[in-house]
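Trainee: Quick mapping for you: the protein sequence lines, in order, are chains A and B.
Residue 1 is where the first sequence starts when you use the working numbering, and the numbers rise one by one after that.
Residue 1 is where the second sequence starts when you use the working numbering, and the numbers rise one by one after that.
Mixed in with the good hints, there may be bad ones.
As the list claims (entries may be wrong) - DSBU-like, lysine-lysine: derived pairs with alpha carbons at most 35 angstroms apart:
no.	chain 1	residue 1	chain 2	residue 2
1	B	Lys29	B	Lys98
2	A	Lys88	B	Lys212
3	B	Lys21	A	Lys85
4	A	Lys88	B	Lys134
5	B	Lys212	B	Lys134
6	B	Lys212	A	Lys41
Said to hold, decoys possible - Coverage of chain B stretches by chain A, computed from C-beta distances (three or more under 8 angstroms per stretch; other residues unrestricted):
no.	stretch
7	1–12
8	48–58
9	143–157
10	179–190
11	202–209
What the hints assert, rightly or not - Just the calculated beta-carbon pair ranges, DEER-fashion:
no.	chain 1	residue 1	chain 2	residue 2	range
12	B	Ala182	A	Arg87	19 to 25 angstroms
13	A	Arg87	B	Gly13	45 to 51 angstroms
14	A	Ser104	B	Arg76	46 to 52 angstroms
15	A	Glu111	B	Gly13	22 to 28 angstroms
16	B	Pro171	A	Val63	45 to 51 angstroms
Everything labelled a hint here was simulated from the structure, so no lab data went into it.
Virtual Cβ for every residue (Gly too), placed ideally from N, Cα, C.
The residues making up each chain are set out below.
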Amino acid sequence: MLRLYHMYRGCMHEFSICQNLVDAIVNEVNAIQPLPKRLLKVHVALGHLRQIIPEYLQFAYEVLIKDTVAEGSELLVRTVPLEVKCRKCQWQGEIERQAFICKSCGSTELEMLTGMELYLENLEIEVEDAEGN
Amino acid sequence: MLKEIKVYRDLMGANEEWAQKTRDVLKEKNITMVNIIGSPGAGKTALLEKTHALLATDTRFAVLEGDVETTRDAERLAPLNIPVSQLLTDGACHLEAKLVHYALLDLPLNDLDMVIVENVGNLVCPAEFDIGEKAKIAVLSVTEGEDKALKYPLLFREAEAVVVSKTDLLPHIPFNLEACLAAIKQINAQTSIFTLSSLTGDGLEAWVQWLKSIR
Ligand SMILES: Nc1nc2c(ncn2[C@@H]2O[C@H](COP(=O)(O)OP(=O)(O)O)[C@@H](O)[C@H]2O)c(=O)[nH]1
Ligand SMILES: [Mg+2]
Ligand SMILES: [Zn+2]
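Modelling step: build the complete structure from the supplied sequences, incorporating the hints.
Mentor: As structure tokens, this is what we get:
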């Protein structure tokens, strides 16, 4: 059996992208009126073709949220599959990263529908209710 | 009370803004910029050294050399007598659009037709960052193995051209060129592929013709 080991550290590009994420979160949270009590969860969409490793992003996130409004929040990464549409036969569906070939007719003339996403989708916050709780 | 807030924030947005500014400048000045990406030692700088003689006949070009450290690559290109700047990332594994933008503005833009950027040696990270280029070009040497396109699909998917370099070494190493080309086509059937050697000059002509053709 093949043993698999992953290195949970990552490289600079995950840090660079994660800094953009933290900046975006801080801007969004500060724009909410009244200011939320707490930021609980952060949802990010990540296309499958992007070479950004969710675990690396996670690691960078924990480092970079220190002393920001996002401290203590949880990062949830949703991977968006690589989906294409065939220009020849109109087939539409998911493919693997290693073979940009239509699964129906074998054509290589594909239009990418999803797979390059990299955005902040959603914030879950705790706000004070009418009674001030 | 819990609340969910829908937001849509492109995490590459800031980089994208700088890349767009660069595209605006390039358009106004009618300059074509290309972004050369490959592993450390793939032969990117050697390719630029040899490209010069054929390209400079009718194309005025400058080079932006991206590296983690040292100005060695820019110094290698100094004898060519073209504008060359060294971009240092101080540890980062890729060039970002803002750095490229400022380096571009310092070039003599009124006297240029083309800017060639040599990105930091790396097959992963530079592919993620748009720097405002017209085309990404992947450089892969025959000593790196046939399967690189499959392992780094994003770069090869995005590349308008792939240069398979150091073909003079083919008789000396176990490397299946056909398998390498097949792997590239499996990721990107539309890309233009050039097999060449900067050492012997074999195949350089077709590559430079292509470079001129995207002007
Ligand atoms: N045999 C051979 N060696 C090459 C060729 N191109 C580059 N090299 C050598 O490969 C090494 C790395 O080249 P360089 O241009 O610095 O690669 P870069 O890191 O991609 O810029 C150097 O020792 C070059 O002399 C080639 O076409 N054939
Ligand atoms: Mg170099
Ligand atoms: Zn099809």
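Trainee: A separate judgement is required for each hint: does it hold in the structure or not?
Mentor: Hint check:
1. B:Lys29 to B:Lys98: OK: B:Lys29 and B:Lys98 at ~18 angstroms, within 35 angstroms.
2. A:Lys88 to B:Lys212: holds (31 angstroms)
3. B:Lys21 to A:Lys85: holds (31 angstroms)
4. A:Lys88 to B:Lys134: holds (27 angstroms)
5. B:Lys212 to B:Lys134: holds (13 angstroms)
6. B:Lys212 to A:Lys41: Roughly 50 angstroms between the alpha carbons, so the hint for B:Lys212 and A:Lys41 is violated.
7. 1–12: holds (count 12)
8. 48–58: It is violated, with 0 qualifying residues against the three required.
9. 143–157: holds (count 5)
10. 179–190: Result for this restraint: holds, n = 6.
11. 202–209: violated (count 0)
12. B:Ala182 to A:Arg87: 19 to 25 angstroms: holds (21 angstroms)
13. A:Arg87 to B:Gly13: 45 to 51 angstroms: violated (29 angstroms)
14. A:Ser104 to B:Arg76: 46 to 52 angstroms: This hint holds: roughly 49 angstroms between Cβ atoms.
15. A:Glu111 to B:Gly13: 22 to 28 angstroms: holds (24 angstroms)
16. B:Pro171 to A:Val63: 45 to 51 angstroms: holds (49 angstroms)
Checked against the numbered hints given earlier, the structure breaks hints 6, 8, 11 and 13 and satisfies all the rest.
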